[in-house]
Amino acid sequence: MSGRIDARLKELGITLPKAAAPLANYVPWVVTGSLVFVSGQGPVGPNGIEYQGKLGRDLEVAEGAKAARLTALNVIAQLREAVGGDLDRVKRCVKLLGFVNSTPDFIQQPDVINGASDVIVEIFGNAGRHARSAVSAPSLPVDIAVEIEAIFEIE
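Going by the numbering used here, the first residue of the sequence shown is number 1, and it counts up by one from there.
It is possible that part of the hints are untrue.
DSSO-like mimics (lysine-lysine), calculated; alpha carbons at most 30 Å apart, straight line [said to hold, decoys possible]: (1) 95 x 10; (2) 95 x 18; (3) 66 x 10; (4) 91 x 10; (5) 18 x 66; (6) 66 x 91; (7) 66 x 95; (8) 91 x 18.
Don't read these hints as lab results, they were simulated from the structure.
Kindly generate the complete structure, drawing on both the sequences and the hints.
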């Protein structure tokens, strides 16, 4: 399917990954009414997990932001599945919740999750501006650096 958002992705040089299958007993997304809830996604690239470890110990903020960007692309890949391939159905990104695998003294969670927020705004423009939380976690599944879940409004 080719539309306005697909053209924007091409203009930005972004190829969305294939939507990943869930790792446990849950679904990757749920549509209820005009909302899509995307389950937590991680920084998975074509060769598997790309960013593992704790921010503040194993990874720098810039690496964390790259992990968040990649994770957001995985969120959008799930969203694309939820809307039957037509990302032009997305009215807005409502909310992101970003978890940062970090040391107890790490305080730059917003800087890390900006990697996700920035790419969503790049792709969707003003419709990509969203409410957000960025919090630390003492650990995340398979030691991924970040996990992000999202809520989108669709037509």
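The hints, checked one at a time:
| no. | hint | in the structure |
| --- | --- | --- |
| 1 | 95 x 10 | 25 Å, holds |
| 2 | 95 x 18 | 22 Å, holds |
| 3 | 66 x 10 | 19 Å, holds |
| 4 | 91 x 10 | 20 Å, holds |
| 5 | 18 x 66 | 18 Å, holds |
| 6 | 66 x 91 | 26 Å, holds |
| 7 | 66 x 95 | 20 Å, holds |
| 8 | 91 x 18 | 22 Å, holds |
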